[in-house]
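Quick note, the sequences are listed as chains A, B and C, same order.
Residues in the first sequence are numbered from 1 upward in steps of one, following our numbering.
Residues in the second sequence are numbered from 1 upward in steps of one, following our numbering.
Residues in the third sequence are numbered from 1 upward in steps of one, following our numbering.
To be clear, the hints were calculated from the coordinates, so they are not data collected in a lab.
In this text, all values refer to a predicted model and were calculated from it rather than measured experimentally.
Now the in silico label distances, taken between C-beta atoms and shown as ranges:
#, chain 1, residue 1, chain 2, residue 2, range
1, A, 102, C, 79, 44 to 54 Å
2, B, 33, A, 305, 58 to 68 Å
3, A, 360, C, 72, 50 to 60 Å
4, C, 355, A, 146, 21 to 31 Å
5, B, 272, A, 44, 22 to 32 Å
6, C, 273, A, 102, 16 to 26 Å
7, A, 102, C, 10, 29 to 39 Å
8, C, 273, A, 530, 47 to 57 Å
9, B, 89, A, 531, 55 to 65 Å
10, A, 146, C, 273, 23 to 33 Å
11, A, 102, B, 334, 57 to 67 Å
12, B, 101, C, 79, 46 to 56 Å
13, C, 273, A, 175, 16 to 26 Å
14, B, 272, A, 17, 24 to 34 Å
Each residue gets a CB set at the ideal place from its N, CA and C atoms; glycine is no exception.
Each chain, written out:
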Amino acid sequence: MSQSLLEVRNLRTYLQSGGREVRAVDDVSFSIPKGDTFCLVGESGSGKSVSALSVIRLLPQGVASHPTGEILFNGQDLLKLDDPGIRAVRGSQIAMIFQEPMTSLNPVLTIGEQITEALQIHHPNMSDEEAQERTMLALEQVQIPQASGRFRDYPHQLSGGQRQRVMIAMALACEPQLLIADEPTTALDVTVQAEILRLMRKLQDDTGMSMLFITHDFGVVAQMAQWVGVMQQGKLVEVGPSSAVLHNPQHAYTKQLLAALPENLAKPVHLQTLRQLEQETESKPLLQIRDLKVWFPIKKGVFRHTVDYVRAVDDVSLDVPQGQIVALVGESGCGKTTLGRAVLQLEPPTSGSIQIDGQELIGLSARELRPMRRKMQIAFQDPQSSLNPRLLVETTLTEPMKVHGIGANHEERIELASVLLESVQLNRDFLWRYPHEFSGGQRQRIGLARALALNPEFIVCDEITSALDVSVQAEILQLLLNIRQQRNLTLLFITHNIGVVEYLSDQTVVMYQGKIVERGKTAQVCGQPQHPYTQKLLSAVPRLVV
Amino acid sequence: MTNVVSRESFAARIWRKTLDGVGVKVGFAWIGLLVFAAVFSPFLANSMPLLMSKDGAISAPVLKYLSVEDVWVLANFFLALIIYRLRIAVGKRVLLFLLGSALIAVFANLLIKPPALVIYDDFRTPAYTQVDWRIMPPIPYAPTDYLRDMVSKGLEAPFATQGHVHLMGTEENGADVLSRMIHACRIALSIGLIASGIALFIGVIVGGLMGYFSGIVDMLGMRLVEIFEDIPTLFLLLTFVAFFGRSLYMMMVIIGVTGWSGYARFVRTEFLKLRKQDYVQAAVASGLPLTSILFRHMLPNGVAPLLVSVSFGIAGAILAEATLSFLGLGVVDAPSWGAMLDQAVKSSSFNWWMAVFPGGAIFMTVFAYNLIGEAFRDAIDPKLSGKGEGV
Amino acid sequence: MLTYLVRRLLLMIPTLLGISIVVFTVMALSPGGITPQALTSGMEMKPEQRKAIEDYYNKRYGLDKPAPVQYLRWLNNVSPIGFVSDDQGNRGEFSFSKGMDLGTSFQYGRPVSDILAERIPITLLLNLVTIPVTYLIAILVGMKSATNRGGSFDVGMGMSMLALWSIPTMLAGVLLLGFFANVQHFQWFPTAGIGSREAQDMPFLPHWEQTGFVRGFLLDRIWHLVLPVLCLSYGGFAALAKLTRTSILENLDSDYARTARAKGLAENDVLWRHVFRNSLLPLITVSAGLLPSLLAGSLIVENIFSINGMGQLAVEAVKGRDRELVLSITWVSGFLTLIGYLIADFCYTLADPRVTYD
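Just need the whole structure built from these sequences, with the hints factored in.
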């Protein structure tokens, strides 16, 4: 085993938050050998980011304190360094990159300026020409095409992936020995993520640096790390070589996390046999979409005439069979969300036809549309904004019922709402609370309950688990399967997570730039993809089994 | 993420956070003082006795001389107190208050008939002074009592007059400054509330329509907003007042009509934001009627930031009235802080008490509303205050 | 960028028209309307004078015609392109270079354009001096507060700024005048006007002469401007200081500031090299709204300090019901305001590379 570059011993980090002290990092010890990658995994609130920030001491001074612990970097305790000392380390020996490349770069400075700054802080005698040259080299190293032209670009002129490359170039400019990466690819599309991860591995091979990689995605761990540490609520519950931890976990929490991954999730048993039977017969399509276009005009010029269109949904035809879950997959900007909303008439379609149960939806007036709305509902992604913060849960659930005449009187509706809550596995009492009193997962359940309130036949699920932790996601997915079974629902499940697609859906539709590029039974699309984009997409997903 | 934080509604939470701080309490205390002075001004500063007994007969001259307006204000105050105590929904409370207020106005107009002419000097004649006992208001001068029988010179500093005490001096016509200031509270408060109310009403409707419907409505609305924004408001006010004459109600209406553009912009921005919120989309997807979407889902969530605007707006309205009075275009006989301020520099000497007291009152009122507005802002969006802690 | 400018300029036209319509309507709707009697009532005047006024208005507007027609005639007179009218007021031919005829003021007995040409520079001087002063103080105070967050300077300034903002302009003016320009207290500053009479003859810069120190035109101007500018600016810098503080605090907490610290920058450098420029952006946005409030403030300040600027003129014009003057002043103020917005927007594009207008 090579010598340790970084050794963290008994680190404690306490944070002052709203008058209380939070033990963000509670007695954590691990070490990173030279040239290796160490992944810190955990769900939100586990303390992994705080640990990383503690190493480089970027936590706000008045707020964070370290009662105990040592952080030994090349034998020197970083916690004991004074301010000039730690600044000399930051950027030159230990560098850090962050999650959101757009906001992590200064919008009013060019990327060239920001990289040269990194160089000139630690090499004050470097001339401007030399700094520029080294910046160009750094940009080429991270594979930014036409580096010399890009020097004067501003961050907003680059794509997300390119910005992250710039961040990496900036971090590596002074050739650090340790790179800390805090969820660097979480905000990127899957295909872009694959490229960035590949780049980082290559750079690591070239320079021999170590990496401390923070993530919540086990697939990424499997691809990148030699060592992994699992954190739960500030404590490091398991640490060891990644192959051992991932395939033979010891701690209960690790086992629980791994079991919650969609790849490992077990389907409710009684369903499996039933589904197989049903899938033999071809169900009649509940939803029929023909040649749907949703185009948004781009207006330019003095008189704002339309010069072009953003073709969010471009000539899409789709059948959603009754009782099945169809997954709509794609990366950001492919049009899947717009399609889902257009079906519900939340976005006005430009042209085409949408029929539910044989009834045409486009062209109906608001009044004619209202009874149709009972048949189709939607559940949203963001738990923070999916519920009206001013209304009690009871009102949120009973108001749609009242409008559509479900339930003879108020008491009956309350009873129906209570039953709804129970079917999403929440307590009846929760009717009388406000949204801010619930966690993210609970709010998503309430959102589902609201979607079920009108007893619809069809629900669009717009990335409902994308903002949730893995374990919570697992619960919601299993809940969804149960509800589907009980009520014979048809679901259009929009997501970008291939693991969820494989677990949940019967059929899969892949979208790219407003068009459908591939569709079919999930097993087939994911097992033997035909279209080159689908192939690229599937190969880019980081898998647990490497 | 904790499970149960608290059992309060959104409104209660905002209210609690707002009141957390010294400044805002001072602000509310001052406004409370003004409200008290405005409601009870006939009893606080008047030349006639509150209660007196002459030859064994007890009478209350003050009550005889109460005007329709005085009675209306008093009755509304008690009405508001009663309604506050009732446990019914907010909307119903407002309606009840408006109804009650209108009824009182009607009855007051019919029943209250004070004597048309009041000669304040009479109250200093033996008819009123040689009595068994009498209780005078704390400030024994009416606002329009020019003390002609006392041969006062006008514009005298506090405590400078011979013979009787004027705590804040006298103004140019001889009337007591403190008394006028107390009675001016009514104008100041009502201008603030009514003018802002009108501006808010117009602004919310225009802004709401613009925000919800977009398209042509939005474009036309924006032009309208721009026009009213770009007209130098003070100038328009001056023009209105100069050409239409000076009437208190006219001024309130005018200040309201010229000041709505800020609210409209604000409401429009909020509505545009709210329209994209998921719960609004869910309401649309559930087929809820438009009124419900607007008034139950969008408006209550857009109101909170509006409170901040309104607080500052009321302060602005009060300033506008004071400025008009200062420039010589305000109401003539009724007491006004701005008019008194104008007198500070009228004569060649600097009458400091005319600047400090009414000016100070304007300042305190504006300051109070600004404090309240700031507190609302901090409560609603703690990020903006920069006081937030934590990582 | 050019298309944006053109579009904005074109959009200004309906707004300007709208403003003038509103003001004209107010005058037309007033009791008495816009008949010649209303215009001259209440003023002591000899019959010949009255006749002269009526004649003049009749020529320009045709006073017996309905209000919209009168408005259109005014519009025609004022706009640089339109129908040429001869001495009798009859309509001539259409011309593209008629020139703007703003009319004659009867209060002052001179053409409006002359009066405006005299008064506008003074108001502009006052406002243009005020704006940099306001910004400078606001930025300094805001920065110090932000870097001293929670400390005594910050808390003290926070309260003071809010209090300062709440002081009505006229109170401040009256107090300043009363205490600092008065024989009764400290006469450090002149009471009125924007320049002493002797100053006109003085050379520009101060210098020593045999008779002693001569103030010079420049210093004299400055001396006269101190109190009015102070009065006009305090409200502005109170509000801007708070905005600066908030903006800087937000930016100090931002992701890119964190990146800068991760690179090893000292806190001071993070502030000046990265945060400062980003924090100024909201200040530029706000500056658009500053000009209208300054113009309004000028009304009061010029009144108190007896400065013969446009604000003072406006008050006089309205009091004297001088129609030509009122309309022209409205129009000019509206125009200046809109230009102010345009300049502010333009400055914003310069400062923020993310923003492009097309």
